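Asker: Spelled out from the first residue to the last, the chains are:
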Amino acid sequence: MHDLILKNVSFSYPGGFLAVDDINMEIKAGENVAIVGQNGAGKTTTVKMMNGLLRPTKGDVLIGDMNTKDYTTAQVSRVVGYVFQNPDDQIFHSTVESEVRFGPKMMKLEPEEENSRVEEALKITGMDKYREENPYNLPLSTRKFVTIAAVIAMNTDVLIFDEPTAGQDMEGNKRLADILRILHKQGKTVITISHDMEFVSMNFDKVIVMAKKKIVRTGTPREIFWDMDALDKAMLKQPYVSRVCRALGIEGGVICIEDAINEIMSRENV
Amino acid sequence: MAVVIECKDVTYYYPLTEKPAVEDLNLKIESGKFYGVVGENGAGKTTFCALLRGFAPGFYKGELKGEVLVEGKKTIEYGGELSAKIGYVFQNPFTQISGVKDTVFEEVAYGLENFGVPVEEIERRVIEVMKMTDIEALAEKNPFDLSGGQMQRVALASVIVLEPDILIIDEPTSQLDPEGTESVFRIIKALKDRKKTIILVEHKIDLIAEYADEVLVFEKGHLIKSGDKEKILSDISLLDRGVSLPQVAILGAKLKEKGFPLRKIPVTEDQAVRMIRESLKEGKQDA
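Those sequence lines, one after another, are chains A and B. Residues 1 to 270, numbered by our numbering, are exactly what the first sequence covers, in order. Residues 1001 to 1287, numbered by our numbering, are exactly what the second sequence covers, in order.
To be clear, the hints were calculated from the coordinates, so they are not data collected in a lab. Keep in mind that this is a model prediction, so the values were computed, not measured. Worth double-checking, as some hints may not be accurate.
[Unchecked claim] List time: in silico EDC-like cross-link candidates among lysine to aspartate or glutamate, alpha-carbon distance up to 16 Å:
| no. | chain 1 | residue 1 | chain 2 | residue 2 |
| --- | --- | --- | --- | --- |
| 1 | B | K1258 | A | E268 |
| 2 | B | K1256 | A | E258 |
| 3 | A | K174 | A | E133 |
| 4 | B | K1254 | A | E268 |
| 5 | B | K1033 | B | E1006 |
| 6 | B | K1254 | A | D3 |
Just chain A, same shape as in the assembly (with noise of 0.2 Å):
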């Protein structure tokens, strides 16, 4: 099992535009993250160096023991598989389950040992109904969990998830939901950017908040969605039922539904 460190990482895009500035994160084998923030905080630069397609122009990222910058990104991407916040920059075979099963097979494992996996990934996205399908022909949406399916095929120990909640409707949401319990459950380390934070409240241990190319703070989301000073930072709001609690003088860091009712139900009561 491998943590994941961030060591005074920078980077900057070959022009020397600085994405992320001096940053320094750990996340631990089998945790679940949520990483927050606006467009252009430096959220996918981030996460892409932590699976080797970009490498840190300053500082280091460490893969238990591995440091990204010795080694090639095919190897990195063999212990953290990345899924692309547009699917169509990652699909590129005619149907669901060969795109599913290309990971698998280019690691050259047993024939039986490929086939569960590649049913596994199709059956825990639900994409198994589509397999004999393109993928350009489902919707967006649809199309985000088929690559999901190829990165959980890989069996990787971190999965890094590039906005799936983007497009989702409630189904696609819930599926989500169950696809992250899954391979928690599995003891995987999943990091996910979500703009979501009704989605990132309820499915998170640990969330990290970025602005303006660094962290500005991770917590429980409790923590966080009740640190007014983080959320302005990074130009966020709390979830929905947090703010109607907030404004009815409810400080007691609720952040779903279940909590705002225990504690509007417990004043009513007095």
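Given chain A, put chain B in place with the hints provided.
Answerer: The following block gives chain B in isolation, referenced to the frame of chain A:
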């Protein structure tokens, strides 16, 4: 208010399909109102948009039964002039960017060029819209070098600049952060204040509740509910049909279930705060 679009017994099949994507649709869209279109992915929302702007069947072909009327004239009888009346912002901004222009400024100007608008007017309108959508800083960039969120703003700007009377906008905020999302809603509200008719497909139901006038709910190709947003979005039974509802509506319904005295189910944050506060006060007075 005047009816600008009307669907009469509309059923539509994409080519080579046996199941209609939209079935038995009857609906009137009134001028100057803001409609939120909601429902599961695959429920027919985007097809509905394509029908209103004549792309179904005009571009996609397929089979249309019934009539879609824009200002009283059937969409199938319009030519290109329908595109001057109805502006459409694609779900995927990548589909929308023309690919023939090298800068964001030119991209936003492209539609006006095609309509033969004088150069000075193009410049004035493009600059104004770029300000409104907060993309001035991107003016010299290549549209394809932008992030998903920036591209969505450019796509929106390049349609707003045409000043159509009717705007159909398909999930314009999917790639945007919360602040960017709210700013898009504020832009849409500003358009509504200019008497534009807005039809917006959007999953962010809490913001629909905040900004829209009416809500249209689609399920499996059928329009299952339509009308005033407060009436529709406080209907908790919709949750069982895969339709998301505002967080505060779910909170309100659950509070009521537990015996908390709420007059009705709130749909916006303000309503929720006001109603819960009143009930808490009354409770204290009774005690």
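Asker: Would you mind marking each hint as holding or not holding in the structure?
Answerer: Taking the hints in turn, this is what the structure says about them:
no., hint, verdict
1, B/K1258 <-> A/E268, "holds, 11 Å"
2, B/K1256 <-> A/E258, "holds, 13 Å"
3, A/K174 <-> A/E133, "violated, 23 Å"
4, B/K1254 <-> A/E268, "holds, 15 Å"
5, B/K1033 <-> B/E1006, "holds, 14 Å"
6, B/K1254 <-> A/D3, "violated, 41 Å"
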